[in-house]
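Residue numbers (my numbering), protein chains in the order written: chain S, 1 to 98; chain R, 1 to 472.
Simulated from the structure, these hints should not be mistaken for laboratory data.
For glycine and all other residues, C-beta sits at the position ideal for the given N, C-alpha and C.
Hints may be right or wrong, so weigh each one.
Incomplete in silico selection of chain S near chain R, CB under 7 Å [claimed, not checked]:
#1 R3
#2 A8
#3 A9
#4 G10
#5 T40
#6 V47
#7 S48
#8 S53
#9 C61
The primary structure of each chain is shown beneath.
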Amino acid sequence: MFRRLHDAAGERVPFTVDGRAAEALAGDTVAAALLANGITVCRNTPVSGAPRSPYCMMGVCFDCLVTIDDVGNRQGCQVRVAPGMRIETQDGKREIDR
Amino acid sequence: MSDVKTSYDLAVIGAGPAGLAAATLAARQGISTVLLDEQPAPGGQIYRSVTETPVRDPKVLGPDYWHGAGLVKPFQESGADYLPGTTVWSVSRNLEIGLSREGAARILPAKHIILATGALERPFAVPGWTLPGVMGAGAAQVLLKSSGLVATGNVVLAGTGPLLWLLAWQYLRAGAEITAVLDTTPRANWRQAMPHMTGFVRSCYIGKGLKLLLDVRRKVKVIGNVTALRAEGDGQVRSVVYRQGNGAEQRLPAETLLLHQGVIPNLNLANAIGCAQSWDDAQRCWTPQTDGWGATTVEGVSLAGDGAGIGGALSAEHQGRLTALDALHRLGRIDRQQRDRDAAPHREALEKARQGRVFLDTLYKPAQDFRVPSDDTIVCRCEEVTAAQVRDAVKLGCSGPNQAKSFLRCGMGPCQGRLCGPTVTEVIADARGVSPAEVGYYRLRPPVKPITLAELASLPKREDEIDAVLHH
Ligand code: FES
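Next up, chain S with everything else stripped away, as it sits in the complex:
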């Protein structure tokens, strides 16, 4: 779990994750916003279905893949949260079978 420092400055940004309302701080990436809201698991892997959370936060591991505004497999750590953004965690197996 992660918490925000008390003096962290910035505007609040509303978004939804799997249909639930949540709030980010302006400048948060999608991956950071999920972690700040207590959501550690972004996706399950297509190979074994194992849950994954962001590992590198700099665009190299691809463990942060989520669906953003209906576009799947986006790197959550490389995209900034925008007001009203709809984020969905991904089930890798389901995406493959679909």
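Chain R with the ligand: place on chain S using the hints.
The following block gives chain R with the ligand in isolation, referenced to the frame of chain S:
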């Protein structure tokens, strides 16, 4: 971006210290320069979010971090164009850059290209490292710098290297709690590092480094000589199991485990362009070959900063300037004498910044057991391939990472070997009883980052279309 040109004299890829310094120097000399960067704001990873971090108290991130702000301002005033949020997925031999930006792909030609792609954390494959809650220490640092987020609950840091201690120090400054630091620095490293002590004593690292270490040791439980490590939990890390020396296994509760064992060059783009690379035994990593000016084996492509071999942020900055001077010379803007004359102060500064590096490399060289993991460890996170599977493939005649790809699919996932390549190299070398130099590395092909069909379809096909896209 109405002011983006259709081509540039110089394109710099990566807005960390090397890229910022290179682009600034070149643009000031009046050549058309563009800086392309994946992040939305300048700074690279080391100075990430330095222009916009929500962490207001400057003491939390420390003066070395804020030094980065001093690189951004001159860059902004240099006249260079800047394309943040841009993914470069290919560079052709005739120096055409394939990039994606705002969901559309385009081709941008340049006369010279400086790669300043920086470093990434060396993979630290231990059993359980794919569990949610396990992250790189560098990732935790990004969360702190760019979002003011710190881990809560039981937080364990494990590994070796300056960045691990820096993160611990920053966490303490931020008022975050750390359950323990598990130090995996091998005891024998101290003995091997001693002969290089004099360079370190003269370096800028020693005063700061020792103070930081003492600060952390005073406030956090540090468990040294850790020789084995694994994360356990069901769908989320719950505990860390470790061994000290030859001692019995011990267990610590952990909801967050932050791993780190140094950084290595991020070489995927250089590799895919075809730049020759070689095995660096001291830093235990593959490094693209460069000359004293950062020139690679590919005409028109040079490399500056940690992507050309780990030297740290200050070295990167000076290298960036040297590489830019050479680019100016190659582009016919300055003659050889002026290049050499202008380079002198930067060379001197680079030498100074490099002092102590050998000591640090030797001291923080990760232990064999953490570079060559046990059988049950997943080495390729994308395809979930274990070390045992790699060893079995070697028994069947697989001689290097490229063959391992076709045997096991490792290195074929979206990360393109960034998180498994070094480990696969070391595991195969160990199993065959040869040097990593002999087993080689993945041969990478563009695109080095996945691009969507929609992005590809948006690619302009003719000169005038390219023009239209770039001036939309
Ligand atoms: S967390 Fe590694 S790519 Fe996003």
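Exercise. Once the shortest beta carbon distance from S48(S) to chain R is found, is it less than 7 Å?
Worked result: Nearest chain R Cβ about 6 Å off; hint holds.
For this session: Answer holds if the nearest beta-carbon of chain R is closer than 7 Å to that of C61(S); otherwise answer violated.
Result: 5 Å, holds
Exercise. Are V47(S) and chain R close enough, Cβ to Cβ, to be under 7 Å, as the hint says?
Worked result: 5 Å, holds
For this session: Identify whether the interface hint at A8(S) stands, where standing means a beta carbon of chain R within less than 7 Å of its own.
Result: OK, holds: A8(S) within 7 Å of chain R, min 3 Å.
For this session: Under 7 Å, Cβ to Cβ, is where G10(S) needs to be relative to chain R, so tell me if that hint holds or is violated.
Result: With a minimum Cβ separation of about 5 Å from chain R (threshold 7 Å), the hint on G10(S) holds.
Exercise. Should the interface hint for A9(S) be scored as holding, given a Cβ-Cβ cut-off of 7 Å against chain R?
Worked result: 5 Å, holds
For this session: Closer than 7 Å between Cβ atoms is the bar; does T40(S) clear it against chain R? Give me holds or violated.
Result: 5 Å, holds
Problem set entry | Satisfaction of the R3(S) interface hint, Cβ to chain R closer than 7 Å | Given a least distance of 5 Å, the restraint on R3(S) holds.
Exercise. Regarding the hint that S53(S) lies at the interface with chain R, is the smallest CB-CB distance below 7 Å?
Worked result: Given a least distance of 4 Å, the restraint on S53(S) holds.
When the structure is compared with the earlier hints, no violation turns up for any of them.
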